[in-house]
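S.K.: This is what each chain is made of:
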Amino acid sequence: MQKIFSFPFITVLISCAVVLPAFAQSTPSEFAELSLHELFETSIADKSAINKADSRWSLAYNVKSAQFRGYLDGDAKRADSQVLWQGQGEQRTQQNFPILPTVIDQQVHVLSVGYSVNDDWRVHVSLPYISQSTDHISIVPGYENFTIDTDGTGDGVISVSHRLVATTEDVWWFTIGTSLPTGSIDETGDTPRAAGDQQLPYTMQLGSGTYDFPLEFSYQSLGKHDFSLSMSAMVRTGKNDRDYRLGNSYGISGNYNFQLTPTLKPYLGMAYQYRSAIHGQDDEIIVDGAFVYPASITNPHLYGGKKVSAELGIRWQFSEFYAISAEFSKPIYQHLNGPQPKENYRTGLRLSRLM
Amino acid sequence: MSWVRIIYCFKRTFLFFLLLAPLSLSAQELPKERKLKAAYLLNFTKYLTWPEGKINDRETAFRLCVNSDPSFFAFMQALVVKYNQSNAERKIALSHVNNAKHCHMAYLQTPVESFLPQITRAVIVLESLDVQQSNSAIRFYTQANKVRFEFDLVQLANVQVKASSELLKLARIAGK
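Chains G and W, in that order, are what the protein sequence lines are. In this text, residue positions in the first sequence follow the working numbering: the first is 1, and each later residue adds one. In this text, residue positions in the second sequence follow the working numbering: the first is 1001, and each later residue adds one.
Among the hints, a few may not be true.
Stated by the list, open to error - Distance condition first, Cα-Cα at most 30 Å in a straight line; then the derived DSS-like pairs of lysine-lysine:
no. : chain 1 : residue 1 : chain 2 : residue 2
1   : G       : Lys77     : G       : Lys265
2   : W       : Lys1082   : G       : Lys342
3   : G       : Lys265    : W       : Lys1146
4   : G       : Lys306    : G       : Lys77
5   : W       : Lys1146   : W       : Lys1082
6   : W       : Lys1046   : W       : Lys1082
7   : W       : Lys1046   : G       : Lys265
Keep in mind that the hints were calculated from the coordinates and are not lab data.
Work the whole structure out from these sequences, hints included.
M.R.: Next comes the structure, spelled out in structure tokens:
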């Protein structure tokens, strides 16, 4: 059996458990919320954190969903009937396939734990649980309509955020992390390729299979206009056990927040994302012959593209420490390496305990 | 994907990130006494009243000026950010005394030139009784391990600022 907790690991862990609390600091948030009378009663000799809001931990639960429906080749729409190869009588090309995913539904539950080391440094760990379902049509007898489902843990992420600049007008943060290959890339299901379960295409896998590095620069204006901007990237490295690597992605997004009431903040936003195609190929999901890709989602070149989305959301801080936010986004422009299923919409619901 | 694999991956990465820990821990901690003084400053802005027109329509932000070491200024800055997030109507603008055009309140850890034009009409708050600064209206001191403050009502009247009775109840009045 693989030895998970080696002696050096446990030693380092225990050392950190002893050392970190000794460096624990009280945050400005805690002090900013103290009333005059609370200040008057606070002893400077008291080594413990102030009574109020003394937790440095944060917890967030995020439910996200996305739906993909219809096809784009570049920014041109392709009807399902154009992408589905109808069999003998119609010319087979690299642009049509005997199997066609029609609707892809994804749902991700993400549990995140954060720790604020001090005002300038934060550490986050998150683990997603993914469930997804893809409806297909095909010309293969017995598989005219079928659905494949997969679910399980996705790739966990550990990240560190550092506050670069903080003034009364704005704040800059930089985040770097590691996405761990904890999600499966060996999901199987019953496809028309053969009898029984076979390896599923890239979209139905739960992880990347590689160690990846998420990066983000974010800016928040705290002045008269409350808005935030961020630049992010997911840089993927190496190749996984199946000899491929998902494409890197790069994004820019911005939100403008409106203060409806002191606790209710609706926002509008725009996001641009570029994602490159998959590098390498999983040879287990291709077939023999002149046309090796039975479905568009088995072709690694038919992934990635550019996308501009409009977002709207609302954040409600319903108690001193807890907030809930809901978000909906829809692409207003997509240019995909196609034919490729296009994104229809995304939703998000987040419950968080504030730091 | 088994739980063994998940834990194994997290373990490898956790060890890597431990290398970053010393960086974050090197940040200088401000003593609690000074943090409390910074929090008091925020509260003073709520319990002191400036004459009409002093915080004029053109510039609604309350100007808090500080002459201190960088660690206190950074903490004060973080406090003001937090305050401004929940006080949309009247924001506080923080600046160094030397960089300000005018100040409503000036907090001094060390003395400055008394006739600086930006502080001539400001409520001057001293970090301790040891700071030798004329025209100060509020001075912090410690008593029984608690931060206390004394008010010089004459100086406060000179700058036409009124203190609420709630604030005065907690203050030691200088000269009494």
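S.K.: Give a verdict on every hint.
M.R.: Results for each hint:
Between G:Lys77 and G:Lys265, the direct Cα distance comes to roughly 36 Å. Violation of the 30 Å bound is thereby established for this hinted pair. For the proposed pair W:Lys1082 and G:Lys342, the alpha carbon gap of about 41 Å is over 30 Å, so the pair is violated. Taking the CA atoms of G:Lys265 and W:Lys1146, the gap is about 38 Å. The hint is violated against a cut of 30 Å. About 15 Å separates the Cα atoms of G:Lys306 and G:Lys77, which keeps this hinted pair within 30 Å; it holds.
In summary, the hint linking W:Lys1146 to W:Lys1082 is supported, as the alpha carbons are separated by about 24 Å, within the 30 Å threshold. In summary, the hint linking W:Lys1046 to W:Lys1082 is supported, as the alpha carbons are separated by about 15 Å, within the 30 Å threshold. Note on W:Lys1046 and G:Lys265: the hinted pairing holds, with a Cα-Cα distance of about 25 Å set against a maximum of 30 Å.
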